[in-house]
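**Student:** Since chain A is already given, all that's left is putting chain B with the ligands on it; use the hints.
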Amino acid sequence: MTTTAPAPRKITSAPRTTPRKTSAGDPTAHLTAEQIEELGRELDTLRDEVMASRGERDAAYIRKVISTQRKLELGSRAILLFSLFPPAWLVGTAGLSIAKILENMEIGHNVMHGQWDWMRDPKIHSTTWEWDHASPAEQWKHAHNELHHTYTNVIGKDNDLGYGIMRVDEDQKWIPLYLGQPLWNFVNACFFEYGIAAYDLELGKNLSKRRRNRPEFRARASQVLKKIRGQMLKDYVVHPLLSGPSALTTLTANFTANIVRNLWTHSVIMCGHFPEGVETFERRSIEGETRGEWYLRQMLGSANISGSKAMHLMTGNLSHQIEHHLFPDLPSNRYAEVAPKVRELFDRYGLRYVTGSLPQQVGSAWKKVFKLSLPNGFFDKVTNPVSLFKMVTGQDSAEQPKRAA
Amino acid sequence: MTSTSLRSRALRLLESVTTPLLPSDYLDLVDPLRAGADLRGRIEAIRSETRDAATVVIRPGRGWRGHVPGQYVRIGIDVAGVRQWRAYSVTSARPDGRITITVKAIPDGKVSNHIVRHAKVGTIIQLDQASGEFVIPAKRPAKTLFLTAGSGITPVMGMLRGHQLDDVVLLHSAPTADDVIFGAELRGLRDRIRLIELHTDTDGMLDVSRIDEHVPDWAERETWACGPQGLLNAVEEHWDQRGIANRLHTERFRPSVLVTGEGGPVTFSRTGKTIEADGSTPLLDVGEQNGVLMPSGCRMGICFGCVSPLREGAVRDLRTGEITTAAPGDGVIIQTCVSAAASACDIDR
Ligand SMILES: Cc1cc2nc3c(=O)[nH]c(=O)nc-3n(C[C@H](O)[C@H](O)[C@H](O)COP(=O)(O)OP(=O)(O)OC[C@H]3O[C@@H](n4cnc5c(N)ncnc54)[C@H](O)[C@@H]3O)c2cc1C
Ligand code: FES
Numbered sequence: 001m002t003t004t005a006p007a008p009r010k011i012t013s014a015p016r017t018t019p020r021k022t023s024a025g026d027p028t029a030h031l032t033a034e035q036i037e038e039l040g041r042e043l044d045t046l047r048d049e050v051m052a053s054r055g056e057r058d059a060a061y062i063r064k065v066i067s068t069q070r071k072l073e074l075g076s077r078a079i080l081l082f083s084l085f086p087p088a089w090l091v092g093t094a095g096l097s098i099a100k101i102l103e104n105m106e107i108g109h110n111v112m113h114g115q116w117d118w119m120r121d122p123k124i125h126s127t128t129w130e131w132d133h134a135s136p137a138e139q140w141k142h143a144h145n146e147l148h149h150t151y152t153n154v155i156g157k158d159n160d161l162g163y164g165i166m167r168v169d170e171d172q173k174w175i176p177l178y179l180g181q182p183l184w185n186f187v188n189a190c191f192f193e194y195g196i197a198a199y200d201l202e203l204g205k206n207l208s209k210r211r212r213n214r215p216e217f218r219a220r221a222s223q224v225l226k227k228i229r230g231q232m233l234k235d236y237v238v239h240p241l242l243s244g245p246s247a248l249t250t251l252t253a254n255f256t257a258n259i260v261r262n263l264w265t266h267s268v269i270m271c272g273h274f275p276e277g278v279e280t281f282e283r284r285s286i287e288g289e290t291r292g293e294w295y296l297r298q299m300l301g302s303a304n305i306s307g308s309k310a311m312h313l314m315t316g317n318l319s320h321q322i323e324h325h326l327f328p329d330l331p332s333n334r335y336a337e338v339a340p341k342v343r344e345l346f347d348r349y350g351l352r353y354v355t356g357s358l359p360q361q362v363g364s365a366w367k368k369v370f371k372l373s374l375p376n377g378f379f380d381k382v383t384n385p386v387s388l389f390k391m392v393t394g395q396d397s398a399e400q401p402k403r404a405a
Numbered sequence: 001m002t003s004t005s006l007r008s009r010a011l012r013l014l015e016s017v018t019t020p021l022l023p024s025d026y027l028d029l030v031d032p033l034r035a036g037a038d039l040r041g042r043i044e045a046i047r048s049e050t051r052d053a054a055t056v057v058i059r060p061g062r063g064w065r066g067h068v069p070g071q072y073v074r075i076g077i078d079v080a081g082v083r084q085w086r087a088y089s090v091t092s093a094r095p096d097g098r099i100t101i102t103v104k105a106i107p108d109g110k111v112s113n114h115i116v117r118h119a120k121v122g123t124i125i126q127l128d129q130a131s132g133e134f135v136i137p138a139k140r141p142a143k144t145l146f147l148t149a150g151s152g153i154t155p156v157m158g159m160l161r162g163h164q165l166d167d168v169v170l171l172h173s174a175p176t177a178d179d180v181i182f183g184a185e186l187r188g189l190r191d192r193i194r195l196i197e198l199h200t201d202t203d204g205m206l207d208v209s210r211i212d213e214h215v216p217d218w219a220e221r222e223t224w225a226c227g228p229q230g231l232l233n234a235v236e237e238h239w240d241q242r243g244i245a246n247r248l249h250t251e252r253f254r255p256s257v258l259v260t261g262e263g264g265p266v267t268f269s270r271t272g273k274t275i276e277a278d279g280s281t282p283l284l285d286v287g288e289q290n291g292v293l294m295p296s297g298c299r300m301g302i303c304f305g306c307v308s309p310l311r312e313g314a315v316r317d318l319r320t321g322e323i324t325t326a327a328p329g330d331g332v333i334i335q336t337c338v339s340a341a342a343s344a345c346d347i348d349r
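Protein sequences, first through last, are from chains A and B. Take UniProt numbering: the last position of the first sequence gets the number 405, and nothing is skipped along the way. Take UniProt numbering: the last position of the second sequence gets the number 349, and nothing is skipped along the way.
No lab work stands behind these hints: they were computed from the structure. Possibly wrong hints are sitting among the right ones.
Subject to a maximum C-alpha distance of 25 Å in a straight line, what follows is the list of computed DSS-like cross-link-like pairs (lysine-lysine) [stated by the list, open to error]: (1) A:Lys71 - A:Lys234; (2) A:Lys381 - A:Lys371; (3) A:Lys226 - A:Lys209; (4) A:Lys234 - A:Lys123; (5) A:Lys64 - B:Lys273; (6) B:Lys273 - A:Lys141; (7) B:Lys143 - A:Lys123; (8) A:Lys141 - A:Lys226; (9) B:Lys110 - A:Lys157; (10) A:Lys123 - A:Lys141; (11) B:Lys120 - A:Lys123; (12) A:Lys123 - B:Lys110; (13) A:Lys226 - A:Lys205; (14) A:Lys390 - A:Lys367; (15) A:Lys173 - A:Lys157; (16) A:Lys309 - A:Lys71; (17) A:Lys341 - A:Lys367; (18) B:Lys120 - B:Lys110.
The shape of chain A in the complex, shown without the other chains:
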């Protein structure tokens, strides 16, 4: 008995998946179709090995993380009942921020991926889980598991690429509106959970008068509003009221914790697919994609973050984004273990494993946001003193815009 693969398995003779051209050319050009399928088989074997070894140790791990998170959240909220005292505010806010991050990343995201479904515990299962987030689990799972993970980095198909509001590739036509994208991106980061709720709802596409009145959309919208109301009531009404004289400070504490959580999760998500070196793909190129080609796209379309154990935990192990995209339903505590084996495959097949420290990757992703907010070539000029001088003095008329190395 076999489970169906998380990805299309159709094997046709359609053109193979090729990343969009970059300055370095096609990074998969050296691989034959045969080699790509062999790569896929090696990854399948690796996957089967780890999946078969799941057991008590893993179950104990997730239960421990969940109970620690719940105790941390309870403790922090208890301390915040006295948030009028600045030390209590500080400790409570820090604790609550960490609790919310753990809940969204290492627990919520991964449980809803079905990483823990094999335990068959109805309390820790993708079909029953609800998270501390504006987007209802049901809608997030559809947008994330079905769309983003299937269409990873396919322009026009993967909403995670710029969330439909940003210019993410030089081939996208530039319009002056994009000048504001560093600002949009920052605002989106601060209120990321609402941004996600909006794009899980496909709000942009559904706002037209005709679509907005569809019963299906209205039902989903009211689901989201209900979820947001519950979340708001908890953080901005009930807990502050319970704090009595500390009501106002508890409110600011909860607000801060939500912002911290949003900024953190946004940064981690940006690092997954945005840094320099990550490839994007054409919609056309994934038609009739084979298993091997699907794996290849996941390998080239994701980037890792290197760092300490604590950092991996706080990113929900999305610091192992490459491994996560290859095996989305592998329990998160196992990504660190498969990473060296995956990396060895990258080396053997001559592919680039994109990874870097958190500041490096966040910096790289933001650089891209700024760069693409300007017409092609502009960014390099304004950040390069020689060309800036030429531009200001009007000496660069004939020169072609250069691509970044």
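**Tutor:** Relative to chain A, chain B with the ligands alone:
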């Protein structure tokens, strides 16, 4: 305001404190056995009975409603990190806040081996209320025969411990004297019951057609039988031939599979999984093996704890071979523990 509406308001307030979780998610961290919690139990002791059987003492949570001797309880226990549900007869007599089950490890048995050899005192397990019809009626029979073999002694032990019965014969089979579960206790009951032990390694298997050699008045006795399939099938046939099937009560530990056939792809639409299934594996097992949340019960077609809607396709009842089909929109209810795929099918789980 009535106290119930006060309580429901308080509960709603609490829920708005803990949303999106429930207050119980936090209370479970502190007291998983409290009143109002999902029914669970704590393993308080494990005693070895024979080389391959052990008795487990369980303290059920406060929601436990008690049992009648002969009934079974379903337990959900994590084996290698995976929740497994199985039924076990309650072997203790009267409520003292604890119950016991007695498990015999069967070759390659996932749960039975885990319980007998690896389970740890202090573990929290999931429980369900006791159920089952294999019990002594309120109007006590004048003459009783218990016909058991192997682990089939367990429900009967519960009855012997829980009831004072007149004129009891117990005919029990086990490979050797040492393999008789509760051997010492049963032999100690000799002044109350007539015990016939059959050690099959030396005495050979019980020939049911010659039961009168052991129990001459067997046909006059109200009989409770529990043991392997072969024994129960023979007993049912023999009692039927005598026209006294109404005096026979049997308890089976597993379904008797009659027919299997071709399988097909099974879709669990709520979970979004499609699995290629053969025609002999119950859909309950197919779902469970692939991480689908499947409700379950006795796992042998008696309790209806496993029913799920069949949205589309065809399934075969493994006990009878009967085919059940559903067209889109039908949502025919099927017992997943005794049904296997008979074509492509879609289960609403
Ligand atoms: C109402 C009821 C009461 C029960 N009471 C008891 C009890 O008091 N004590 C007790 O030990 N068991 C009892 N059982 C049986 C128990 O529920 C399990 O079926 C048994 O422990 C085997 O589970 P497992 O996980 O170890 O085997 P599995 O891993 O499920 O099965 C392993 C292999 O053994 C076969 N198999 C399954 N069950 C049996 C069986 N009973 N005998 C022989 N082969 C089997 C399977 O077909 C499979 O090939 C009861 C069952 C029911 C339905
Ligand atoms: S589990 Fe009891 S009938 Fe299926």
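**Student:** Compare the structure with each hint and give your call.
**Tutor:** A quick look at each hint next to the structure:
no. : hint                : in the structure
1   : A:Lys71 - A:Lys234  : 17 Å, holds
2   : A:Lys381 - A:Lys371 : 10 Å, holds
3   : A:Lys226 - A:Lys209 : 22 Å, holds
4   : A:Lys234 - A:Lys123 : 22 Å, holds
5   : A:Lys64 - B:Lys273  : 28 Å, violated
6   : B:Lys273 - A:Lys141 : 14 Å, holds
7   : B:Lys143 - A:Lys123 : 49 Å, violated
8   : A:Lys141 - A:Lys226 : 17 Å, holds
9   : B:Lys110 - A:Lys157 : 45 Å, violated
10  : A:Lys123 - A:Lys141 : 17 Å, holds
11  : B:Lys120 - A:Lys123 : 22 Å, holds
12  : A:Lys123 - B:Lys110 : 22 Å, holds
13  : A:Lys226 - A:Lys205 : 21 Å, holds
14  : A:Lys390 - A:Lys367 : 23 Å, holds
15  : A:Lys173 - A:Lys157 : 17 Å, holds
16  : A:Lys309 - A:Lys71  : 21 Å, holds
17  : A:Lys341 - A:Lys367 : 31 Å, violated
18  : B:Lys120 - B:Lys110 : 16 Å, holds
Checked against the numbered hints above, the structure breaks hints 5, 7, 9 and 17 and satisfies the rest.
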